[in-house]
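Order-wise, the sequence lines are chains A and L.
Heads up: the first sequence runs through residues 69 to 311, numbered per this note's numbering.
Heads up: the second sequence runs through residues 20 to 535, numbered per this note's numbering.
There may be inaccurate statements among the hints.
[Said to hold, decoys possible] Below, computed lysine-lysine pairings styled on DSS-like, alpha-carbon distance capped at 30 Å:
no.	chain 1	residue 1	chain 2	residue 2
1	L	K39	L	K86
2	L	K150	L	K39
3	L	K218	L	K237
4	A	K210	A	K231
5	A	K203	L	K343
6	L	K86	A	K210
7	L	K338	A	K210
8	L	K465	A	K231
9	A	K105	A	K210
10	A	K203	L	K465
In case anyone wonders, no lab produced these hints; they're calculated from the structure.
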Amino acid sequence: MHHATVLAELRARIAEVEGSPTHRATMPFGVDALDRKLPGGGLATGALHEVAGSPELADDASATIFLAGILARMEGPVFWCLRWRDLFAPALHLAGLHPDRVIHVEAGSDANVLLAMEECLRHPGLAGVVGEITKYTTTASKRLQLAAETSGVTAFVFRRASKPEVVADGTAAVTRWRVAAAPSVPLGIPSLGRPRWEVALERVRGGNPRRWIVEGCDAQGRIGLSTALVDRPAAAEDRQAAA
Amino acid sequence: MRRVVSVYLPHWSTDRLRRKTAKPPPDGHTAIPPLITAIPDHGRRIVAAVDAGARALGITPGMTVTKARSFAHGLDVIDADPEADSAGLRRLALWAGQRYSPVVAPDLPDGLWLDITGCASLFDTERALVKDLHRRIAAFGLSVQIAVADTAGCAHAVARHVPAGRPVTIEPGDHRNALGLLPIVALRLESGIVEGLRKLGFERIEQLIGTPRGPLAKRFGRTLHRRLDQALGHVPEPIEPVFPEALPRARRGFMEPLLTAEAFGQVIADLAADISEQLIKTASGARRLDCHFHRVDGHSQAIRVGTATPSRDSRHLAKLLAAKIETIDPGLGIEVMTLIASLVEPLGPGQREGLESMVRRGPDLSALVDALANRFGQRRLYRSTPHPSAMPERSLWSASPLSNAEGAVWNADLPRPSRMLSSPEPVDVTAMLPDHPPAMFVWRRKRYRVAQADGPERLHGEWWRDGGVEADRPYTIRDYFQVETTEGGRYWLFRLGDGENPATGPMRWFIHGAFA
Chain A
69 MHHATVLAEL RARIAEVEGS PTHRATMPFG VDALDRKLPG GGLATGALHE VAGSPELADD
129 ASATIFLAGI LARMEGPVFW CLRWRDLFAP ALHLAGLHPD RVIHVEAGSD ANVLLAMEEC
189 LRHPGLAGVV GEITKYTTTA SKRLQLAAET SGVTAFVFRR ASKPEVVADG TAAVTRWRVA
249 AAPSVPLGIP SLGRPRWEVA LERVRGGNPR RWIVEGCDAQ GRIGLSTALV DRPAAAEDRQ
309 AAA
Chain L
20 MRRVVSVYLP HWSTDRLRRK TAKPPPDGHT AIPPLITAIP DHGRRIVAAV DAGARALGIT
80 PGMTVTKARS FAHGLDVIDA DPEADSAGLR RLALWAGQRY SPVVAPDLPD GLWLDITGCA
140 SLFDTERALV KDLHRRIAAF GLSVQIAVAD TAGCAHAVAR HVPAGRPVTI EPGDHRNALG
200 LLPIVALRLE SGIVEGLRKL GFERIEQLIG TPRGPLAKRF GRTLHRRLDQ ALGHVPEPIE
260 PVFPEALPRA RRGFMEPLLT AEAFGQVIAD LAADISEQLI KTASGARRLD CHFHRVDGHS
320 QAIRVGTATP SRDSRHLAKL LAAKIETIDP GLGIEVMTLI ASLVEPLGPG QREGLESMVR
380 RGPDLSALVD ALANRFGQRR LYRSTPHPSA MPERSLWSAS PLSNAEGAVW NADLPRPSRM
440 LSSPEPVDVT AMLPDHPPAM FVWRRKRYRV AQADGPERLH GEWWRDGGVE ADRPYTIRDY
500 FQVETTEGGR YWLFRLGDGE NPATGPMRWF IHGAFA
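Hey, can you work out the whole structure from these sequences and the hints?
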């Protein structure tokens, strides 16, 4: 307990040196195991976050709903900038993100998606802006982060079909996530249970990488911590680190 | 790069008369009598225009009506009305100006010009724009030929001399080659000059391009090479656009031609302020603005912006226009700028309310929506709303981003993928018929083993669509399964057919999307 306070103080001082505001507003996941590992107890709002799936379509589909769940619990309109039209709105609604809140922007190319995102990020009052891209530069990430900080709108870069083994370039994003589909718990009847994802926090400013097995979003966009967590090696590592 | 569309209406006069009298053929079997129009000429009547039927009989303009009658007995002869023809053409130009481009002009006696430089993005591609134009004009009951090229002269020539039956696109930079193949007459020359050239052995334009100019110019005058240079793009051929009267407009002429983007921005701000004053007087707002830039060398260019809701906020309007300044090539300088509010709508009561109502409705998105729509095209910006349909790919509609939110949603009990393939892709599946889910499938050369599955959800074809045609088609049943692979990935597979009766579908499997 003593250690924890010392660590928290140190983090606050480092944040001060880095010039990032210590009392940034955050958006908790509502899952203690995740929120504890994020500075401020949740996802920083008014900042840039990166989310990736994998070249497997099912992983990108999971990452999509992971994002939808976060946005579902925020206030205001959402701009979702796409390269092509494969986002299926009924599924966003199933994760609690009402279709009336989402404006789709089919920008056509990575460069155009970045342009559209930056334009959107200049408008305070939006809940969030999602941009689906395959590649972008460190400079582009800095611009987005700056724009997000200025307007207070949360930005999400969704790296489509991104290979896990490829190490991403340096990025100004506050957090970097990777979401992959994980086998669900068999119900014993011929029907599918709640989906499960392996959520990896690959990078976080002022924190360490982690991974969790979580249960997919419910109708209010909330993820749940899997009951089978204790059986997973990833969880064991997590407990060790926390001890 | 300039892009010009030439619309050629080969039977404009007669098509217009047919349209006006609106006499549809009784049942399609009775032949419509051929129609010609006549004008008086030195005490007799000669043919002014012919329709397709009359032309097929060999009747040509310039022939006497008496002679024309000898070709066909039931010939319909109507007095020509050139003024009504050109007035009709002007109306057609105004219509096209609203829809396709700020710069549209009638091309007397039987065509239109459209300068579509920078307008293609509203239709995604230039091809889509031209196709839409062709389809709509044909739907008016007019025969039409369309060509698009880098120069007005080239488009004009191709539209009239390449009867392709569909719009012809001369790719950027290809106009010289395209022109070379066409006959001399395509250059819009007097018949005397064409006749004279033919006597000298000139048939096609490429011969003319390769011949020294001096002797030809001496013999035929300067018109010949001016037409050639216009078609090749060596000298400008501006299109003077037509506008409806009484639209708010503002104009500035400059003693010193302007060259810089900053200067244009300044003038645009002034012009927008003028327009905004005019809009306030009429209690209306602009939905669309066209800004025309007239260059010192006679070229003119235009930019067009649209707004999602009527606006008379001069700062907002100026900002939208300013975002497009970069498309203007000032050349040696711009001497006149004109701003026209080409689409004006009354302001709704909600928009005249004060700040209070704005705050209540949340952030004002119209500025952002306008900026994005003007950059990427109106169609690229939408909200998804439910549309009643049995087929998942047709179950959503794109609503305008600022239209009133309906609040309607899809059935929350039906699982739907978050990523849907635009068209289902075939997969190889191992499954037991009739109603077992797949045990294994191969998609894009990768093998997926199914651990668990849900389904089937049976979707029936929409027999009420296409006048019941789909009911007769065999492929009317899709059985959808939601499967989870051993790795945890969830996919949406369906089988065409009910698994028992081959008439319901070929029992082939497809993948249609992925779930979270």
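For the pair supplied as a hint, A:K210 and A:K231, confirm whether the alpha-carbon distance does not exceed 30 Å.
holds, 22 Å
Under the criterion that the straight-line Cα-Cα distance not exceed 30 Å, is the pair L:K39, L:K86 satisfied?
Holds: L:K39 and L:K86 sit about 27 Å apart, inside 30 Å.
Proposed proximity, L:K237 with L:K218 (alpha carbon, max 30 Å):
OK: L:K218 and L:K237 at ~16 Å, within 30 Å.
Below or equal to 30 Å on CA atoms is what counts here, so check A:K105 against A:K210.
holds, 24 Å
Pair hint outcome, L:K150 versus L:K39 [Cα-Cα no greater than 30 Å]:
Holds, at about 25 Å.
Please verify whether A:K203 and L:K343 have alpha carbons no more than 30 Å apart.
holds, 27 Å
Compare the distance between the alpha carbons of L:K338 and A:K210 with 30 Å, and conclude whether the hinted pair is satisfied.
Distance ~25 Å between L:K338 and A:K210 Cα, so the pair holds.
With a cut-off of 30 Å on the C-alpha distance, tell me whether A:K203 and L:K465 pass.
holds, 25 Å
Quick one, are L:K86 and A:K210 close enough, alpha carbons at most 30 Å?
violated, 80 Å
Straight-line alpha-carbon gap L:K465 to A:K231, limit 30 Å
holds, 16 Å
Comparing the model with each earlier hint shows a violation of hint 6 alone; every other hint is respected.
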